[in-house]
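Undergrad: Listed below are the residues making up each chain.
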Amino acid sequence: MSRLSTSARRVLTLLALVSVSVAAWAAGADLGQADKQATNWTAIGMFGLFVLGTLFITKWAAAKTRSASDFYTAGGGITGFQNGLAIAGDYMSAASFLGISAAVMASGFDGLIYSIGFLVGWPVITFLMAERLRNLGKFTFADVAAFRFQQAPIRIFAASGTLVVVAFYLIAQMVGAGQLIKLLFGLEYWIAVVIVGALMMVYVLFGGMTATTWVQIIKACLLLGGASFMAFMVLLHFGFSPEAMFAGAVQIKTDLALKDGKVAEAAASIGQSIMGPGNFVKDPISAISFGMALMFGTAGLPHILMRFFTVPSAKEARKSVMWATGWIGYFYLLTFIIGFGAITFVLINPQFLDAKGGLLGGNNMAAVHLANAVGGNVFLGFISAVAFATILAVVAGLTLSGASAVSHDLYATVLKKGKADSAAELRVSKITTVCLGVVAVVLGIAFEKQNIAFMVSLAFAIAASANFPVLFMSVLWKDCTTKGAVIGGFLGLVSSVGLTVVSPSVWEATLGNPKGSALFPYTSPALFSMAIGFAGIWLFSVLDKSQRARVDRAGFLAQQVRSETGIGAATASAH
Amino acid sequence: MDESLVQRIASNPAYLQLKAKRSRFGWWLTLAMMVVYYGFILLVAFDKAFLSQLTGDGVMTVGIPLGFGVIVFTIVITAVYVRRANTEFDELSSAVAKAVLK
Numbered sequence: 001m002s003r004l005s006t007s008a009r010r011v012l013t014l015l016a017l018v019s020v021s022v023a024a025w026a027a028g029a030d031l032g033q034a035d036k037q038a039t040n041w042t043a044i045g046m047f048g049l050f051v052l053g054t055l056f057i058t059k060w061a062a063a064k065t066r067s068a069s070d071f072y073t074a075g076g077g078i079t080g081f082q083n084g085l086a087i088a089g090d091y092m093s094a095a096s097f098l099g100i101s102a103a104v105m106a107s108g109f110d111g112l113i114y115s116i117g118f119l120v121g122w123p124v125i126t127f128l129m130a131e132r133l134r135n136l137g138k139f140t141f142a143d144v145a146a147f148r149f150q151q152a153p154i155r156i157f158a159a160s161g162t163l164v165v166v167a168f169y170l171i172a173q174m175v176g177a178g179q180l181i182k183l184l185f186g187l188e189y190w191i192a193v194v195i196v197g198a199l200m201m202v203y204v205l206f207g208g209m210t211a212t213t214w215v216q217i218i219k220a221c222l223l224l225g226g227a228s229f230m231a232f233m234v235l236l237h238f239g240f241s242p243e244a245m246f247a248g249a250v251q252i253k254t255d256l257a258l259k260d261g262k263v264a265e266a267a268a269s270i271g272q273s274i275m276g277p278g279n280f281v282k283d284p285i286s287a288i289s290f291g292m293a294l295m296f297g298t299a300g301l302p303h304i305l306m307r308f309f310t311v312p313s314a315k316e317a318r319k320s321v322m323w324a325t326g327w328i329g330y331f332y333l334l335t336f337i338i339g340f341g342a343i344t345f346v347l348i349n350p351q352f353l354d355a356k357g358g359l360l361g362g363n364n365m366a367a368v369h370l371a372n373a374v375g376g377n378v379f380l381g382f383i384s385a386v387a388f389a390t391i392l393a394v395v396a397g398l399t400l401s402g403a404s405a406v407s408h409d410l411y412a413t414v415l416k417k418g419k420a421d422s423a424a425e426l427r428v429s430k431i432t433t434v435c436l437g438v439v440a441v442v443l444g445i446a447f448e449k450q451n452i453a454f455m456v457s458l459a460f461a462i463a464a465s466a467n468f469p470v471l472f473m474s475v476l477w478k479d480c481t482t483k484g485a486v487i488g489g490f491l492g493l494v495s496s497v498g499l500t501v502v503s504p505s506v507w508e509a510t511l512g513n514p515k516g517s518a519l520f521p522y523t524s525p526a527l528f529s530m531a532i533g534f535a536g537i538w539l540f541s542v543l544d545k546s547q548r549a550r551v552d553r554a555g556f557l558a559q560q561v562r563s564e565t566g567i568g569a570a571t572a573s574a575h
Numbered sequence: 576m577d578e579s580l581v582q583r584i585a586s587n588p589a590y591l592q593l594k595a596k597r598s599r600f601g602w603w604l605t606l607a608m609m610v611v612y613y614g615f616i617l618l619v620a621f622d623k624a625f626l627s628q629l630t631g632d633g634v635m636t637v638g639i640p641l642g643f644g645v646i647v648f649t650i651v652i653t654a655v656y657v658r659r660a661n662t663e664f665d666e667l668s669s670a671v672a673k674a675v676l677k
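In order, the protein sequences belong to chains A and B.
Mapping the first sequence onto the working numbering, position 442 (from 1) lands on 442, and the numbers just tick up by one.
Positions in the second sequence are counted from 1; adding 575 to them yields the working numbering.
Since no wrong hints were added, every one of them can be taken at face value.
Computed footprint of chain A on chain B; a stretch qualifies when at least three of its residues, placed anywhere within it, have a C-beta under 8 Å from a C-beta of chain A:
# : region
1 : 577 to 585
2 : 590 to 599
3 : 612 to 620
4 : 635 to 648
5 : 657 to 666
What follows is a list of derived Cβ distance ranges for each label pair:
#  : chain 1 : residue 1 : chain 2 : residue 2 : range
6  : B       : R658      : A       : F240      : 22 to 32 Å
7  : B       : V610      : A       : P350      : 40 to 50 Å
8  : B       : T662      : A       : A424      : 40 to 50 Å
9  : A       : S241      : B       : L641      : 14 to 24 Å
10 : B       : E663      : A       : A424      : 36 to 46 Å
11 : A       : L52       : B       : S586      : 53 to 63 Å
12 : A       : Q547      : B       : D577      : 16 to 26 Å
13 : B       : L641      : A       : Q547      : 47 to 57 Å
14 : A       : A535      : B       : R658      : 29 to 39 Å
15 : B       : D577      : A       : K417      : 20 to 30 Å
16 : B       : E663      : A       : Y330      : 21 to 31 Å
17 : A       : W477      : B       : T630      : 37 to 47 Å
18 : A       : V378      : B       : T662      : 38 to 48 Å
Don't read these hints as lab results, they were simulated from the structure.
No residue lacks a Cβ here, since even glycine has one placed at the ideal position from N, Cα and C.
Construct the entire structure; sequences and hints are all you get.
TA: Here you go:
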């Protein structure tokens, strides 16, 4: 039995809760293992409606998807507002919706620290990256990183970085989908994984980026709408007084501690503890390292970066991040209210508790039970369907970015030296999509019983330590060279994966080695692996005296001129 | 883009102004964001008592409005950049394009 369902049994003991859920979200708000529930036909019906709607969109998008450019970037015809919603959709995963609201329910303030970490990368992307990315890139972030460098080595690095990040992120999503479906729909694990894999392939294969984007936009609207309704109902209950909501939650936590046998004073302090930081941050190094992974990882996630190429201009790219930041920030405020609402509506409602006083289905069901409490069975079905749709949409985006890396970077640029025709490139990306889909389903099933809590945070750490430094240095540092970028990038990649393997969350929790045997004591490698990545790029660029290095440095001016003004940038294709 | 166009843009005064202004503004805002976020994280790491202290007679602590403040700050600082970029920087940028692309 996993730690989340174990923790559900001890839900009354706040301290136990804090330590368990902290381990879980420090590693990425993963959904963990879940018990199968009774089949929920309302939820399945609602999800069926969503699928039907998105299949119509895919049919419409398929008619528009003819060239490689349509497939990778929807022909560059997405507006800033639409793209902002799609980016927000990529970011508001089921794990962040269910995981963060569960974390807030369990320990209040600590859940807030987590959501803040996810948000603060966006302004940095806006200030330093978004417009330059749009001005330099065409289909993938490798277009930007390789702009003035020797194509083959950089592309091979970028494709590796993309595929590794996508693989870990995909596995986490697939396993999450299977667990969630057991919980919400009462279906078998493998059925859920196969459904996600099959639908995702249909979206990407036939509708390319256009379908992937619209699926994401629709899901983002449904999720924002549903979460807004829940937060509204919670606030309504307290007469729109936050003080009343917090006071109610503190009272309930105090009562629960009293019932657990604590003396009055200790119980009051346990109750009040949800209003301040608890054990989320074990040591300052882990805190900063984890913060860096979240902040800079966002700027290195390939499925997020590719969205900057779907808009027609740098101005729209900038508007995209503005909207995305606004929606994501709003969403995290909602999850905070939802988490506190769950304390009041769910934590002491016998309808949602098992014999031992834990939440039915585990702590991650907090938001789902709250949906039932404030909106009845139909709204419960709606929220369950939205949670599943969320995974589907994120998985489609991940697969598309993995397929682009293979077909555009490896096939068209490295193998065919940029001379592949659009039709052949499109064919390769579709074959890759099918392969990635099959691999995702197989890995999803293979990892069912594994503790994969570390995978999302590992994806962020790799993105921050490999993709981000290469992108950042190639765009902003004149003396960066091909050799420096490739060696430094691979150093960042290898060190972030290596340090994660020997950290407690993998070495002890997943590989089963004894407690305390992990060589690397911190929760996230980013502080160290980012430093290794940047230092590697700097050192090997400075030492690089080759002929190629002169060409690389000489190319900076033209690159800078284009990145600043957009003159010469790839434009939207006509439709 | 051919070499002469690159040179023409690179020596255009509006371009130089755009580059300098945007990069200075971007870096200052980045710095502000880092100070606010890592300031918050360091408070969480080193001074939990400060964040947990009550603001009044009720249950409200210093930490909750501060945390919400960081979220709001993040959105506002992004808006500040986008507003200036949409007006001043875009004007400079189109001035450059007008001057060099005839």
